[in-house]
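Chemist: Protein chains in written order, with the working numbering: chain Y, 318 to 768; chain X, 8 to 934.
Since the hints were made in silico from the structure, they are not lab data.
One should not assume that every hint holds.
Computed cross-link-like contacts, EDC-like style, restricted to lysine to aspartate or glutamate with a CA-CA straight-line distance of at most 20 Å [stated by the list, open to error]: (1) Y:K514 to X:D353; (2) Y:K507 to X:D164; (3) Y:K552 to Y:D635; (4) Y:K514 to X:E88.
Residues of chain Y placed beyond 12 Å of chain X at every Cβ, according to the derived structure [stated by the list, open to error]: (5) D363; (6) K370; (7) E465; (8) E505; (9) R512; (10) P516; (11) K552; (12) H667; (13) F668; (14) W686; (15) L706; (16) T718.
Not close to chain X: a few residues of chain Y, all C-beta gaps over 12 Å, as computed [claimed, not checked]: (17) S673; (18) C677; (19) K693; (20) A723.
Glycine included, each C-beta is placed from N, C-alpha and C at the ideal position.
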Amino acid sequence: MAKKRYPETKILSKNFDKENSWTFDVARENGAYTMFEKALKEMTPDQVIEEVKTSRLRGRGGAGFPTGVKWSFVPKDVDKPKYLALNADESEPGTFKDRWLMELDPHMVLEGCLICAYATGLSTIYIYVRGEYPLSQERLWGAIREAEEKGFLGENIQGSGFSCNAYVHTGAGAYICGEETGLLESLEGKRGHPRIKPPFPAVEGAFGCPTVINNVETLAHVPWIIEHGGEAFAKQGIAPDPDNPRSNGSTGTKLFGVSGDIKTPGCWEFEFGITVKELLYDYAGGPLDGREIKAVIPGGLSMPVLTADELDVPMGFDDLVKVGSGLGTACAIVMDDTCCMVEASENIAHFFADESCGQCTPCREGCHWMEKIFKKFNANQGTRSDLDLLEGLFVNIEGRTICALADAAVWPLRSIIRKFRHEFVAKMTPEEQAAEKEAQAEKARETAGVS
Amino acid sequence: MSITLTIDGTEITVPEGTSVWDAAKQMGHDVPVLCHDEKLEPVGVCRMCVVEVEGARTLVASCVRECEEGMVVRTGSEVVERNRKTLTELLLADQPEESAREATTGDDQLFALARQYGIETPRFPAGNGRPVDDSSPVIAVDHQACILCDRCVRACDDIQSNLVIGRTGKGYSARIGFDLDNPMGASTCVECGECAAACPTGALINKPITVAIEPKPLKEIESVCPYCGVGCALTYKVDEEANKVVYAEGREDTANEARLCVKGRYGFDYATHKHRLTKPLIRKDAHYPKQALTGAMQRKDDGTRTNGVYPDYEKALGAFREATWDEALELVASKLSAIRDEHGGDALAGFGSAKCSNEEAYLFQKMIRAVFKTNNVDHCTRLCHASSVAALLETIGSGAVTTVYNDIRNADVALVTGSNATANHPVAATFFKEAARNGTKLIIVNPHRPELADHGEYVRLRPGGDVAFYNAIMNVILEEGLEDRAYIEQYTENFDALKETVARYTPEIAAPMCGIEPDKIREIAITIGKANAFLVFWGMGISQHLHGTDNARSLISLCLMTGNVGRPGTGLHPLRGQNNVQGASDAGLIPMVFPDYAPVEDPEVRAKYEAAWNVGLDPNPGMTVVEIAHAAEEGSLKGMYIMGENPFLSDPNVQRARDAFMNLDFLVVQDIFLTETAEVADVVLPATSYFEKTGTFTNTDRRVQLGQTALTPPGEARLDWEILCDVMTRMGYPQSYERIEDVFIEFSDLTESYKGLRYEHLLGRGKLWPCPDPENSEGEVVLFGDGFPTPTGRGKFSPAEVLPPEEMPDADFPFILNTGRTLQHWHTGSMTRRAKALDAINPEAFCEVHPEDLAALGVEDGGMVRLSTRRNSIRVKARASTKTSKGSVFIPFHYREASANLLTSDALDPFGKIPAFKFSALKVEPA
Ligand SMILES: Cc1cc2nc3c(=O)[nH]c(=O)nc-3n(C[C@H](O)[C@H](O)[C@H](O)COP(=O)(O)O)c2cc1C
Ligand code: SF4
Ligand code: SF4
Ligand code: SF4
Ligand code: FES
């Protein structure tokens, strides 16, 4: 191969290959909890938050919110308990990065949580793990017990006066419980119905108390940031756009996953900057023999698709937005030329219709009707007005609901319809196909006439 | 803090916390809503009310979004309107062809929006058919029409605190569910109907009770519920042509805040039941000597008692012949006059009723006193709160509540004792539950575990352990120095006597008497002692004992000692049972007093009434309910007038009372049905039901409200007050009033508490007596902030000692029998068992036995048992229930076929003359 492969950088994954990496002894040998000790002994909580802000670390759960900023929203002097809810629900389709962290390096995850707890002055950590991850649950509980034994959890940790406890809470298989406020409701023992915001969880979260919610991978980055400093982290990856004062760039490393129609699905850690194409071809082995990649959703299911021609873009927060998609969970789903985009659409719509919590009318009813319309196409009964109806629905679903699940349904579907309209036309009734052809011709004539 | 924002180009300033929707509404913008209801906490789920906010990424649900400084809002932009239209279309796609709400009350909010947006046929394919649930007797559920707006959930949880409805499923298959997704009729639903009242669509609809509910104009009658003492204000929707109440709705802006219970909302149809009496009846000669006519009234239980509701009503009617009013009234007047003239007025007596209005009560006691020439007039208050009233009059000089039930909102600790409020004062109970949710600590003391126990701290008292328990509580309060010295000093007397008594009741001494651990007693005492505002509600579990007066005295002492009277959130509230017990007592339906509790022995008082009524009056207090029965038994009482009461089921040791009343020379019963009592009458006068008359009713809060005529009376049934006037006139004391309000004016002008009140004041929220300035005030909510209406102006401590109950269980009668009521039925069931829905929900007699006791008897849950006391015995179905403690049996007294009062004792509390309905030694056997 002429071109050099984009290099892996193993920070989060540094222990993944070690034997018994999940045990305290192995983790400790590799430095686990030393950064927590450092923070406790050498830094004030504010200094920790400053360091994380400097790092420009952005949330790895999908929304990319700057983590240090989020922590600074937590009120300092309140007469209430405060909580950390670690989002380990990882139910986004095609996404399995947090699982690797929890199964292979739970102590790194815990250490990140503890530093966060110290920085924001909270003393209870709930780790909300998806129900289908029994091994993650087991390893996290094991790590908690070990950390308690070794005095890194519990009362007066290492004589610092700081106390903190951690618990694993098991989800029950609902996608919506990964949405941060749905998660809180579920944690409180209620149905996972996302809450209206404001108030935001940092002010009024679990049990009405200030709550930090972060993704597993987000917090796993924190020990490294304490060790090497926020500056060092910010130097990795893609720097913020100097022309855009609001840009935060995509700093540090990231776990990237690939699944779907691909030769070697997997998960790798890189600094931000690797392109979708490099990821798919240099690491995931490219398409299956004799097939061609048709479309890729770069992060989970909830982002607009990229066509095969659009893959030369770096997997970065802002970079993917620029081409009309988004990083999401950074775990790409690949569809090749054997995949019918209309069937894929039905599948996607079904997922969201089924996983909607059912509160908001646009989401509950809208996702269902989208699914129904796709079904109609798959029965070769589609019409052109059905596509217009869908476009109308998209407008009236996106940005109209309590949480982002409905948006997440609209984004991939709208992009598929726009980018693969011909596949939908092919599944219309013969009359409609003829009408479409006529309309296209008319349009062509018009454009020709105008130009 | 106030906030200034711009809505549709105009600036508006609102208080912080105002929602955008409310602000827009203030400006006259009607932003459409589906899930929002101003009575409920907004949830923002339907997204119909979205508006554009400049700078926001998304459209904002105005019902949940608080106004922010500088916000620029557009409520009707094209984007927003398009969104609303799409939502309506999406929701409409799944609706049934016809909206059940449109077809009934005609106010389906989704269909209204569809009309507004001109949507006829939605472009989305129709839905997949969600089920219909027809299992509730009162509410039709059609899940297909449900738009998941959550209103019913909030109505059930937040308004009524019943916690029955929730959501089940997710995504498109989300639905509302009852309990664990049971059919509504098989759930813990209590049929209050709040959900159907809140639902904007055809998903939850009231089933018809009388005639079909149709979207046609109905007459709206503002009135009050005819049942319990809570006195819920409501509106009857009346089909004038059919002469039927079609449905009932709670009224906003009233004490009950539009809440109703199953009785008030669905129990109105008894008025038009086919059993209504329409002609005066005279007993046929062939039916002398008198005998019970129906199976349920047979002397001994030969098995016929358990044969359902009113199976032989026609047969009973056959013992009477129809008569003209003239003939019947003449017979009544001549017979009663003859007895009076021959044996003196004391050979006559009358029972009025707490179901009748103040006007009727006033006229009835006037008739007994001025025309019958006796003070032998009483009513069922004797059987419910006479002891409470005796204790209150003795200690604080006033027999009514010192504050309203709603005031629990201001209490930090509330004691609810001897009360099964969710069944007997259901709407008041919703306020108790709500207060508990908002932080009021509820302490529930009761031998029979009431549902309210789920909402607070429950202590299971040993039956009859009240005085010991409260003395011990006071003992601890004194021990801990938690009494209110300053209050005691300034406002009370006789404290030393109380101190002396309670000193002897340490928790250790009281524990075996009341069955509550000493530590628990201490804990509760300290909670009460430390409370800033402490309020006591009590029911008949306190009053209906041989020592009922002592029980009430203890509660009064507790409040006085801790300074908990006369401030918001504090006070004494005996929960009055029937809709007008307070008013009937206020109006003088009591043998010792004229209206306003003015003693008959007091010459000055008597002179006032003699002048007012222009007739000489008896200076001796008359007999009470049970004493009257005993006088009839013994023969000194010869004639009686019973208006609207049914002592043949409600009196204690009722077989004795029945035998006694059969012994009378002449009995006239004025009622709407041929009640168990009327079966043995000589003359039965067909009266008007609650719905056919106007009059005032005073609820447990002292709130005087106006009930208004909704229906025309059937056949020749006549207004009660007119009948009374006719009888008086025919007995030589001519009485006539132009209109019923004149009776009220005569009554109110004779009293201090009602003085100045007129009908025009009593609509809407009504007035709390005393109300010196009815034009401008609702009346006094909290009484006695500054002393008491006693001779010294002080509240008097009246210490109570523990005395043994009148009948001890023994080897033959090892159980303790407790009687009470159920949610659906009321009193002797003559009304509620003729209400279709109430009867359907609660059709048969039962008793509750602890499962272990039942197992020991070898009886299955639902099997028959024989209950016997030293007086009588009945057969009844047994339900296994842990609400009763081991060794106790609970039985409601509504059921004629298994009358609990055949078992109860007629021994009386010496002060209140109230029988011990709550305590009898009992034998239980398989049957
Ligand atoms: C429908 C939905 C599902 C989500 N699921 C997850 C999830 O499984 N895991 C996760 O970390 N974040 C998930 N999120 C994002 C969270 O709401 C939240 O943004 C995140 O946990 C914040 O953590 P971070 O700032 O560390 O990324 C989801 C969001 C939505 C709208
Ligand atoms: S957008 Fe969908 S998933 Fe999110 S709160 Fe609304 S209904 Fe629930
Ligand atoms: S039943 Fe009625 S009130 Fe309840 S959620 Fe459905 S539409 Fe709303
Ligand atoms: S609580 Fe009492 S007054 Fe109110 S509706 Fe029920 S029975 Fe009627
Ligand atoms: S009315 Fe505001 S969201 Fe339903």
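Chemist: Each hint should be assessed against the structure and marked as holding or not.
Modeler: Hints, one by one, checked against the model:
Using a Cα cut-off of 20 Å, the hinted pair Y:K514 and X:D353 is violated, with the two alpha carbons roughly 75 Å apart. A C-alpha spacing of about 14 Å is found between Y:K507 and X:D164, which places the hinted pair at or below 20 Å, so the restraint holds. Our distance criterion of 20 Å between C-alpha atoms is met by Y:K552 and Y:D635, whose separation comes to about 17 Å. This hinted pair does not check out: Y:K514 and X:E88 have alpha carbons roughly 23 Å apart, beyond 20 Å.
Against chain X, the non-interface label of Y:D363 holds: every CB pair exceeds 12 Å, the least being about 29 Å. Listed as a non-interface residue, Y:K370 keeps its Cβ farther than 12 Å from every Cβ of chain X; the least gap is roughly 23 Å. Listed as outside the interface, Y:E465 is consistent with that label: its C-beta sits roughly 34 Å from the nearest C-beta of chain X, beyond the 12 Å cut-off. For Y:E505, the shortest C-beta to C-beta distance to chain X comes to about 15 Å, beyond the 12 Å cut-off, and the non-interface label holds.
Listed as outside the interface, Y:R512 is inconsistent with that label: its C-beta sits roughly 10 Å from the nearest C-beta of chain X, within the 12 Å cut-off. Residue placement check: Y:P516 does not keep its beta carbon more than 12 Å from all beta carbons of chain X (closest about 10 Å). The claim that Y:K552 lies off the interface holds: its Cβ sits roughly 31 Å from the closest Cβ of chain X, which is beyond the 12 Å cut-off. Chain X draws Y:H667 into its interface by the beta-carbon criterion, the shortest separation being 9 Å against a cut-off of 12 Å.
Distance to chain X contradicts Y:F668 as a non-interface residue, since its nearest Cβ pair spans about 10 Å, not more than 12 Å. At roughly 5 Å from the closest C-beta of chain X, the C-beta of Y:W686 falls inside 12 Å, breaking its exclusion from the interface. Distance check for Y:L706 against chain X: the nearest CB is about 6 Å away, which does not clear 12 Å, and the non-interface claim fails. Annotated as non-interface, Y:T718 brings its C-beta within 12 Å of a C-beta of chain X; the closest such distance is 7 Å.
Residue placement check: Y:S673 does not keep its beta carbon more than 12 Å from all beta carbons of chain X (closest about 4 Å). Distance check for Y:C677 against chain X: the nearest CB is about 5 Å away, which does not clear 12 Å, and the non-interface claim fails. Listed as a non-interface residue, Y:K693 fails to keep its Cβ farther than 12 Å from every Cβ of chain X; the least gap is roughly 8 Å. Y:A723, annotated as away from the interface, has a beta carbon of chain X within 12 Å; the closest lies near 10 Å.
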